[in-house]
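2 protein chains.
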Amino acid sequence: MVQRKSGHVTLLDIAQACGYSVSTVSIVLSEAPLSQNVAASTREQIRKMASHLGYHPDAFARSLRRRRSQTIAVLAYDLSDPFCIPIVHGIQSGLQPASYMPLLVDAQTQRKLFDNYLRMILERRAEGVIVIASWIFQETNLLDDIEKNQVPIVIVGRDLTNRNVSSLLVDNEAGGALAMRHLIELGHQRIAIVRGPEELFDTELRWAGVQHAAAQAGIKIDPKLVYQLPNITDATSGFEGGLRFANHMLGSKRPFTAVLAFDDLTALGVVRGLNQAGLKVPEDCSVVGFDDVLPAAVSTPGITTVHQPLKEMGLLASEWTLQAITAREQHSEKPVQLHKASPELIVRMSTAPCSALRQKTKA
Amino acid sequence: MVQRKSGHVTLLDIAQACGYSVSTVSIVLSEAPLSQNVAASTREQIRKMASHLGYHPDAFARSLRRRRSQTIAVLAYDLSDPFCIPIVHGIQSGLQPASYMPLLVDAQTQRKLFDNYLRMILERRAEGVIVIASWIFQETNLLDDIEKNQVPIVIVGRDLTNRNVSSLLVDNEAGGALAMRHLIELGHQRIAIVRGPEELFDTELRWAGVQHAAAQAGIKIDPKLVYQLPNITDATSGFEGGLRFANHMLGSKRPFTAVLAFDDLTALGVVRGLNQAGLKVPEDCSVVGFDDVLPAAVSTPGITTVHQPLKEMGLLASEWTLQAITAREQHSEKPVQLHKASPELIVRMSTAPCSALRQKTKA
DNA sequence: ACGCCTTATTCAAACGTTTGAATCTCTTGA
DNA sequence: TCAAGAGATTCAAACGTTTGAATAAGGCGT
Numbered sequence: 001m002v003q004r005k006s007g008h009v010t011l012l013d014i015a016q017a018c019g020y021s022v023s024t025v026s027i028v029l030s031e032a033p034l035s036q037n038v039a040a041s042t043r044e045q046i047r048k049m050a051s052h053l054g055y056h057p058d059a060f061a062r063s064l065r066r067r068r069s070q071t072i073a074v075l076a077y078d079l080s081d082p083f084c085i086p087i088v089h090g091i092q093s094g095l096q097p098a099s100y101m102p103l104l105v106d107a108q109t110q111r112k113l114f115d116n117y118l119r120m121i122l123e124r125r126a127e128g129v130i131v132i133a134s135w136i137f138q139e140t141n142l143l144d145d146i147e148k149n150q151v152p153i154v155i156v157g158r159d160l161t162n163r164n165v166s167s168l169l170v171d172n173e174a175g176g177a178l179a180m181r182h183l184i185e186l187g188h189q190r191i192a193i194v195r196g197p198e199e200l201f202d203t204e205l206r207w208a209g210v211q212h213a214a215a216q217a218g219i220k221i222d223p224k225l226v227y228q229l230p231n232i233t234d235a236t237s238g239f240e241g242g243l244r245f246a247n248h249m250l251g252s253k254r255p256f257t258a259v260l261a262f263d264d265l266t267a268l269g270v271v272r273g274l275n276q277a278g279l280k281v282p283e284d285c286s287v288v289g290f291d292d293v294l295p296a297a298v299s300t301p302g303i304t305t306v307h308q309p310l311k312e313m314g315l316l317a318s319e320w321t322l323q324a325i326t327a328r329e330q331h332s333e334k335p336v337q338l339h340k341a342s343p344e345l346i347v348r349m350s351t352a353p354c355s356a357l358r359q360k361t362k363a
Numbered sequence: 001m002v003q004r005k006s007g008h009v010t011l012l013d014i015a016q017a018c019g020y021s022v023s024t025v026s027i028v029l030s031e032a033p034l035s036q037n038v039a040a041s042t043r044e045q046i047r048k049m050a051s052h053l054g055y056h057p058d059a060f061a062r063s064l065r066r067r068r069s070q071t072i073a074v075l076a077y078d079l080s081d082p083f084c085i086p087i088v089h090g091i092q093s094g095l096q097p098a099s100y101m102p103l104l105v106d107a108q109t110q111r112k113l114f115d116n117y118l119r120m121i122l123e124r125r126a127e128g129v130i131v132i133a134s135w136i137f138q139e140t141n142l143l144d145d146i147e148k149n150q151v152p153i154v155i156v157g158r159d160l161t162n163r164n165v166s167s168l169l170v171d172n173e174a175g176g177a178l179a180m181r182h183l184i185e186l187g188h189q190r191i192a193i194v195r196g197p198e199e200l201f202d203t204e205l206r207w208a209g210v211q212h213a214a215a216q217a218g219i220k221i222d223p224k225l226v227y228q229l230p231n232i233t234d235a236t237s238g239f240e241g242g243l244r245f246a247n248h249m250l251g252s253k254r255p256f257t258a259v260l261a262f263d264d265l266t267a268l269g270v271v272r273g274l275n276q277a278g279l280k281v282p283e284d285c286s287v288v289g290f291d292d293v294l295p296a297a298v299s300t301p302g303i304t305t306v307h308q309p310l311k312e313m314g315l316l317a318s319e320w321t322l323q324a325i326t327a328r329e330q331h332s333e334k335p336v337q338l339h340k341a342s343p344e345l346i347v348r349m350s351t352a353p354c355s356a357l358r359q360k361t362k363a
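Taken in order, these protein sequences are the chains called A and B. Each residue of the first sequence is one higher than the one before, counting from 1 in my numbering. Each residue of the second sequence is one higher than the one before, counting from 1 in my numbering.
Among these hints, one or two may not hold up.
Which copy? The list can't say, so a pair holds if one copy fits it or any two copies do.
The list that follows gives simulated cross-link-like pairs (lysine-lysine, BS3-like), each with its CA atoms no further than 25 Å apart [stated by the list, open to error]:
#1 Lys311 x Lys112
#2 Lys224 x Lys253
#3 Lys334 x Lys311
#4 Lys224 x Lys280
#5 Lys112 x Lys48
The hints are simulated quantities; they were obtained by calculation from the structure and are not laboratory data.
Could you put together the complete structure from these sequences and hints?
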């Protein structure tokens, strides 16, 4: 194997090795339209030599010349949020057939890192950006920077259509209602609610769904049994919050038979808190979560939750991005879109019919 | 803002805008040594114009010319394994100060994807590769391909020093012993073991540690209470296995007071299985896991487990890679290294003193 | 008035690839 | 015999940046 100074095999190496010009070799190996005109024997010979020398086209030179990076950046605000991974998988499967490379970066909830990576993304000339806005996420000037560089952008997990960004997220309102209706159908009347952090838009929407479902069933929500998670930027902080609030609920001496938690980690925190006080889930109290992340599925009891079709959302996000890129190539523009994915209730073992109800029906 | 055909601002734009040559602009903005000779006023002017136009150097052109991609590929065999994320974080924090960009890709346990991404990595001229070999991982010809291209490689989660690859992994033997000793100290004598898949190297090592600890304490392991997970490539499959084996254990009618599971997911599966049979953890049976992933921490009871210093391992992996790169620049070579990270026992609520022991000491 | 040093700036080639246009060599038909 | 076309291959410029060498302009000592 020949070693050039750059350490990599180039077209020139191949050209010299088999006595053709660089152009011919390029045409053959990149399967340009002109390669039909190249004699079959030549093609064969060049291809053989290329693989023999272990040639890999230099993406930098190619991108520079073609003015295409074949790259789409995926900027996760916090990759350790289990919420992200299925989305990433969906994106990958959408990009793979288009032979685009995902440039996946994790801002680790740090504004500074976020900006830093954003700069790198722009330098690497990503043709599109998909932002995964899990948990709290302040966008501030991000959009200006990206827009200035005319890079199509799609956001998952947040509605930014009012800022002219195509967005995909779960239908939070429907999801909240789904969870609430489930508890109501099980006969629960006194339901404690743990709302999400105020800064998170999901919070209001899920809350609206919950209220709607309650109103529809003629059930009043005791304001003293409504809690709100603090504005903390760590995705696992919900667990602490749920644990703390469970203690508050029990200390408040207000009766309740079920807890509707903002997300799965919060629900798991609630379960822990109830258990520490000697209460069993679901026998003494039902708990329902939101998101359907892995820990909810593998804990015991499994947490009843609202599933988000994350993989599908990721897939759609990648498709939208690719569409926006082709649109821009044709000097047109893809209109801003909003997709609200339908949530699905996953019933596990953390919810059960209200024991109070059983007594009532007996009476 | 000026728009060129490429859609991006270039050095030429800046040069023309303030009447200097491209060279001068380049020298100033890339802070080359020569920039000391450039008049302070000129520097000022150029910098101002650059930020005004929103200039970002083209990474392709720069890398092509400099022959440095400033990129290190991070190839995860299965990113959905919670095990990976802390490692990635460690890598990121190691790369950040060196202003290297991590090129993170997820093979999703698929051989085809793995090869595909590997090709892309080579085309993008990553200067180093860090492989995260969670769960089962067949390396076959990967190494040849990378070695041919003279790219330094480091592997996390697997010992491949015999193949000449620097490796970082937890000291599995010590970890296995740690878990076993913990159970023994709690007074458990009849301990069921769920071994990992046969193909996974960790399996034998942890098993050796377990056996060693047992021998040291003069405790015999009942072969009928030793199970082995099947060779499945999905990281969450341990849960199913644990659940199934818990049933087998109970069905075998052999007495046991504790279960040592191969990893946390398996432990969670065991807990579920025991619960379904009406047994309480830890009152009726203790369960210990391995890895300390998120689900183990947030389930109730929290799973006692063996923590791996994953973040530190990731950090060290990135440092080794950077060292190997600088070594290669100086035409020397970094020797192959092996780091066995010290595991740490995390005691949570899934383990408790053996009730049989209590009776014995009373008697 | 000349060479020489310093300071400030520019030239021009190179990195590896792609591609429109050009070249060269055959055939073929008139 | 020559023009015209087809087939096969090559030229040369370009993508945006970096950098060793070259140039230009001033200051200073002789």
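The hints, checked one at a time:
1. Lys311 x Lys112: between (28 Å within a copy, 20 Å between copies)
2. Lys224 x Lys253: within (10 Å within a copy, 50 Å between copies)
3. Lys334 x Lys311: Within. Shortest intra-copy distance 23 Å satisfies the 25 Å Cα cut-off; inter-copy 41 Å does not.
4. Lys224 x Lys280: within (22 Å within a copy, 34 Å between copies)
5. Lys112 x Lys48: between (48 Å within a copy, 22 Å between copies)
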